[in-house]
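Residue numbers for the sequence shown follow our numbering, so the first one is 90 and each next one is one higher.
Calculated directly from the structure, the hints in this document are not laboratory data.
Mixed in with the good hints, there may be bad ones.
[As the list claims (entries may be wrong)] Under the rule of at most 25 Å between Cα atoms (straight-line distance), these lysine to aspartate or glutamate pairs were calculated in the DMTMM-like manner:
{"id": "1", "residue 1": "Lys171", "residue 2": "Glu105"}
{"id": "2", "residue 1": "Lys102", "residue 2": "Glu260"}
{"id": "3", "residue 1": "Lys171", "residue 2": "Glu233"}
{"id": "4", "residue 1": "Lys102", "residue 2": "Asp125"}
{"id": "5", "residue 1": "Lys171", "residue 2": "Asp125"}
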Amino acid sequence: MRLFFAYWPSASKASEIVPWVSNAHALFGGRMMRTDTLHMTLAFLGQADGIATQRLVEACRNWTLPTGSMVLSEPGRFRNAKVVWVGPAATGTPQLAWLFQAHERLWSYLAPLGWQSQDATYRPHVSLLRNAGPGEISDLKGPEVPWQPDRCVLVGSRPTEKGSRYTVLAEIGLTKLGSDPTFLETGV
90 MRLFFAYWPS ASKASEIVPW VSNAHALFGG RMMRTDTLHM TLAFLGQADG
140 IATQRLVEAC RNWTLPTGSM VLSEPGRFRN AKVVWVGPAA TGTPQLAWLF
190 QAHERLWSYL APLGWQSQDA TYRPHVSLLR NAGPGEISDL KGPEVPWQPD
240 RCVLVGSRPT EKGSRYTVLA EIGLTKLGSD PTFLETGV
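Using the sequences and the hints, build the whole thing.
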């Protein structure tokens, strides 16, 4: 099973992202992400055995991460992976500092358990398509989607012929920016 942590939108918020999925598919083809699988990955861990998975499920019950507001409005693509996505614009702004600090805090929790980040930089995004064909990303448009995540989960992913099957294994508590004194003091 492959593991990842993600901010998971409510069904109503995921439905607000669906026009991006449809518009991306019209431009690039590929495999559309199902509405019930839309998410923003905070940390991809990769393959794990049952023992490592159980240790992680038990450990993350005591973790907390920050949440805040963002607006999904900027399309992008990972060409090598053939993934088209939408993410928050202006990722270097102070308004999104909470998101990058959540990513850093999560990896600080994971490191003592033996997990190491494989990504040099974090680009927050919600994947819309897999196996996308060629095309100009600047042609992709969609509605702005304001979002304040209220759920962060550990997910187990098992590939199938029709796409991955996700199982929520655990949930991490979230605190709003400014309501967690530890977050304010340490910044992670």
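Checklist entry - Which hint numbers does the structure go against, in order from smallest to largest? => result Every hint satisfied by this model.
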